[in-house]
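Each chain, written out:
Protein chains: 2
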Amino acid sequence: MSRVLHELTVELGERSYPIIIGQGLLGSYDLSSFVSGSQVMIVTNETVAPLYLDRAVGCFPGKQIDTVVLPDGEKYKDWQTLNMIFDGLLESRHTRKTTLVALGGGVVGDMTGFAAACYQRGVHFIQMPTTLLSQVDSSVGGKTGINHPLGKNMVGAFHQPEAVLIDTDSLCTLPPREVSAGLAEVIKYGLIRDIRFLDWLEAEMDRLVALDASAIAEAIYRSCACKAEVVARDEREGGLRAILNLGHTFGHAIETYAGYGNWLHGEAVGTGMIMAADLSVREGMISREQCDRAAALIRRAGLPELPPAGMTPGDFMELMSVDKKNVDGELRLVLLDGIGHAVVTGDAAADNLDATLARFCRSG
Amino acid sequence: MSRVLHELTVELGERSYPIIIGQGLLGSYDLSSFVSGSQVMIVTNETVAPLYLDRAVGCFPGKQIDTVVLPDGEKYKDWQTLNMIFDGLLESRHTRKTTLVALGGGVVGDMTGFAAACYQRGVHFIQMPTTLLSQVDSSVGGKTGINHPLGKNMVGAFHQPEAVLIDTDSLCTLPPREVSAGLAEVIKYGLIRDIRFLDWLEAEMDRLVALDASAIAEAIYRSCACKAEVVARDEREGGLRAILNLGHTFGHAIETYAGYGNWLHGEAVGTGMIMAADLSVREGMISREQCDRAAALIRRAGLPELPPAGMTPGDFMELMSVDKKNVDGELRLVLLDGIGHAVVTGDAAADNLDATLARFCRSG
Numbered sequence: 001m002s003r004v005l006h007e008l009t010v011e012l013g014e015r016s017y018p019i020i021i022g023q024g025l026l027g028s029y030d031l032s033s034f035v036s037g038s039q040v041m042i043v044t045n046e047t048v049a050p051l052y053l054d055r056a057v058g059c060f061p062g063k064q065i066d067t068v069v070l071p072d073g074e075k076y077k078d079w080q081t082l083n084m085i086f087d088g089l090l091e092s093r094h095t096r097k098t099t100l101v102a103l104g105g106g107v108v109g110d111m112t113g114f115a116a117a118c119y120q121r122g123v124h125f126i127q128m129p130t131t132l133l134s135q136v137d138s139s140v141g142g143k144t145g146i147n148h149p150l151g152k153n154m155v156g157a158f159h160q161p162e163a164v165l166i167d168t169d170s171l172c173t174l175p176p177r178e179v180s181a182g183l184a185e186v187i188k189y190g191l192i193r194d195i196r197f198l199d200w201l202e203a204e205m206d207r208l209v210a211l212d213a214s215a216i217a218e219a220i221y222r223s224c225a226c227k228a229e230v231v232a233r234d235e236r237e238g239g240l241r242a243i244l245n246l247g248h249t250f251g252h253a254i255e256t257y258a259g260y261g262n263w264l265h266g267e268a269v270g271t272g273m274i275m276a277a278d279l280s281v282r283e284g285m286i287s288r289e290q291c292d293r294a295a296a297l298i299r300r301a302g303l304p305e306l307p308p309a310g311m312t313p314g315d316f317m318e319l320m321s322v323d324k325k326n327v328d329g330e331l332r333l334v335l336l337d338g339i340g341h342a343v344v345t346g347d348a349a350a351d352n353l354d355a356t357l358a359r360f361c362r363s364g
Numbered sequence: 001m002s003r004v005l006h007e008l009t010v011e012l013g014e015r016s017y018p019i020i021i022g023q024g025l026l027g028s029y030d031l032s033s034f035v036s037g038s039q040v041m042i043v044t045n046e047t048v049a050p051l052y053l054d055r056a057v058g059c060f061p062g063k064q065i066d067t068v069v070l071p072d073g074e075k076y077k078d079w080q081t082l083n084m085i086f087d088g089l090l091e092s093r094h095t096r097k098t099t100l101v102a103l104g105g106g107v108v109g110d111m112t113g114f115a116a117a118c119y120q121r122g123v124h125f126i127q128m129p130t131t132l133l134s135q136v137d138s139s140v141g142g143k144t145g146i147n148h149p150l151g152k153n154m155v156g157a158f159h160q161p162e163a164v165l166i167d168t169d170s171l172c173t174l175p176p177r178e179v180s181a182g183l184a185e186v187i188k189y190g191l192i193r194d195i196r197f198l199d200w201l202e203a204e205m206d207r208l209v210a211l212d213a214s215a216i217a218e219a220i221y222r223s224c225a226c227k228a229e230v231v232a233r234d235e236r237e238g239g240l241r242a243i244l245n246l247g248h249t250f251g252h253a254i255e256t257y258a259g260y261g262n263w264l265h266g267e268a269v270g271t272g273m274i275m276a277a278d279l280s281v282r283e284g285m286i287s288r289e290q291c292d293r294a295a296a297l298i299r300r301a302g303l304p305e306l307p308p309a310g311m312t313p314g315d316f317m318e319l320m321s322v323d324k325k326n327v328d329g330e331l332r333l334v335l336l337d338g339i340g341h342a343v344v345t346g347d348a349a350a351d352n353l354d355a356t357l358a359r360f361c362r363s364g
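Those protein sequences? They're chains A and B, same order as listed. The first sequence begins at 1 in full-length UniProt numbering and counts up by one. The second sequence begins at 1 in full-length UniProt numbering and counts up by one.
All clues stand as given, with none of them false.
What the simulated footprint calls covered on chain B by chain A, stretch by stretch (three residues with Cβ under 8 Å from a Cβ of chain A suffice, anywhere in the stretch; the number is not a length):
#, segment
1, 85-91
2, 115-125
3, 155-167
Straight-line Cα separation of at most 25 Å, SDA-like style, residue types lysine to any residue; simulated pairs:
#, chain 1, residue 1, chain 2, residue 2
4, B, 97, A, 242
5, B, 63, B, 30
6, A, 75, B, 96
7, A, 97, B, 141
8, A, 75, B, 122
9, A, 63, B, 150
10, B, 97, A, 151
11, B, 97, A, 153
12, A, 97, B, 149
13, A, 63, A, 49
14, B, 97, A, 148
15, A, 97, B, 158
16, B, 97, A, 347
17, A, 75, B, 90
18, A, 97, B, 347
19, B, 75, A, 93
20, B, 97, A, 345
21, B, 75, A, 90
22, A, 63, A, 30
23, B, 63, B, 51
24, B, 97, A, 230
Hints listed in this document are in silico derivations from the structure and should not be mistaken for laboratory results. Where is the CB? At the ideal position from N, CA and C, for every residue including glycine.
Taking the hints into account, I'd like the entire structure generated from these sequences.
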């Protein structure tokens with residue numbers, strides 16, 4: 001069965017693009033109208049390739065299709081692996097009219113998008129995100145890039161796709177831990193901007209964790225619509241868009257401390273959002289009850305509530321100081337100014353931050 | 001003595017920037033108004049650093065200045081060397097408000113510009129080109145990038161500088177071979193678009209080869225103005241801008257065959273322009289006398305007239321087929337349609353191309 005359940009447009013002027021959400025779309029939905037030339041390079045990884053590569057090929061009838069299969073995992077989000085894409089493109093003589101296709105999760109999407117941004121100074125690309133996290137997060141916004149040993153996503157580009165195709169069937173093969181990681185970002189949209197969506201999530205969380213198809217498609221649609229609205233207002237991350245980083249400053253520190261790939265991005269963001277909510281209480285911006293409500297929803301999604309054992313406040317301070325959200329060395333954080341409303345601040349009191357870190361770092 | 005001789009603006013809407021040309025500007029011209037934050041990272045190479053790094057620092061009073069010194073040469077225009085810039089930025093905790101400064105020739109400019117395009121998804125940069133080639137070519141246009149073993153400049157980005165500072169004094173330490181390589185691009189502007197500039201170059205070539213300061217400053221200014229006009233009309237290389245590639249398709253093949261760095265880019269372009277002129281004669285677009293006139297001027301600039309010994313027509317065909325200027329496999333070339341006027345064509349007759357390659361490949 002193949003059916004489109006939701007469709008929306010990310011409004012970015014001449015760079016606007018559609019997000020098509022449905023069941024059974026991989027292998028049946030024709031994307032060839034989004035391919036500018038005759039060449040398509042599908043980039044995927046060794047986990048996704050045996051599951052979905054054949055079907056993805058079916059979305060591009062009549063095109064020359066080549067493939068690059070990357071190793072799977074955040075630890076491969078580096079120059080060496082990125083070069084596998086460039087090697088494949090050049091060996092198969094892809095011109096600047098080629099179209100890259102990212103088939104996989106956030107790592108495949110970020111790397112393929114960055115390769116598309118850089119190959120011959122920029123070619124087209126299409127996203128086919130197969131994980132919940134990438135469907136609700138990295139498929140909207142145009143952020144692409146790779147990691148550096150000294151920080152996540154430190155090298156990259158803004159590069160918008162021509163289209164995003166989301167097939168909810170691809171979630172059936174996703175490990176439960178990755179479903180929870182995706183739900184962290186879904187909850188984030190409710191926390192930062194949409195109290196009614198947060199209410200809906202509290203009502204539907206059990207169905208979401210069980211991967212009920214219509215509930216999941218609705219959650220993806222509302223998440224993408226929320227992010228698309230924020231990105232459309234602030235494509236290059238000048239202001240509003242920064243609220244999308246709720247939980248990410250703490251979360252990036254956790255990911256770096258744990259070693260890339262040991263904690264899932266969404267898991268780290270889940271814990272990071274609870275920490276941000278705790279700091280928001282200390283700053284007098286939300287009540288302790290509101291913080292507990294956020295923490296409870298994150299817990300019901302199956303996410304961890306505490307950073308890795310052994311991680312100290314000093315680790316956090318060290319790792320957060322190279323975070324991109326800092327302006328001239330000032331530590332900028334996204335906090336909750338009421339539930340369903342986030343703000344960016346550089347003014348959090350040092351002793352409040354210390355208190356939050358002390359509470360969450362069990363060995364600290 | 002420090003004086004500004006010429007100044008022009010590259011008109012690109014909100015990305016417009018000035019080019020300041022003069023004598024003694026390194027160390028005396030204050031560029032701090034082009035720095036958005038408090039941090040400056042000067043990127044240079046081990047040849048240029050002992051000559052000009054101290055002076056360059058003097059252009060940024062009151063800023064935090066860090067430096068990265070790269071190895072010198074086209075063969076280092078790769079991922080590994082690019083990573084030295086990212087390492088330096090992250091080790092010194094540069095934020096997304098940092099400004100990168102490229103102090104050196106085209107390789108330093110391309111790599112620093114690309115690092116600026118990618119670091120934290122894009123930061124500001126300033127160019128201080130110290131070679132004639134980079135002053136008249138890569139300082140205008142926003143092209144940045146690195147090489148791949150299978151092709152030059154295959155990975156890169158369009159990223160415009162905040163300002164370009166050209167100090168003609170820096171040419172005094174340039175080897176004569178590099179002066180000639182720079183003059184190849186200067187001659188190119190006359191050939192593709194400006195017959196009066198070509199007349200002027202024929203009159204002034206002896207003074208230019210001897211590095212007469214006022215003649216060189218004028219040649220740089222007219223070259224930058226010509227390129228700026230072309231780029232302003234076609235920032236992303238959709239059409240007109242392609243004429244700037246006169247001689248480059250043949251030239252890139254020569255550079256790749258010779259191994260990066262063994263032939264200077266300008267030397268390869270000089271020979272490539274003579275080959276393009278020869279093919280233009282065979283295509284009935286210019287006379288043999290016009291071709292000889294172009295070849296004579298290129299020769300007077302001290303440039304080679306023939307490709308490397310041993311390079312065959314087959315080598316050219318093989319290496320030109322991955323050139324970026326190809327659209328869906330068609331070989332597109334820039335030819336002269338009259339002296340002082342270039343056109344882009346995918347229609348050159350195969351037997352005419354064969355005849356040109358046979359004439360220039362001595363061992364073929």
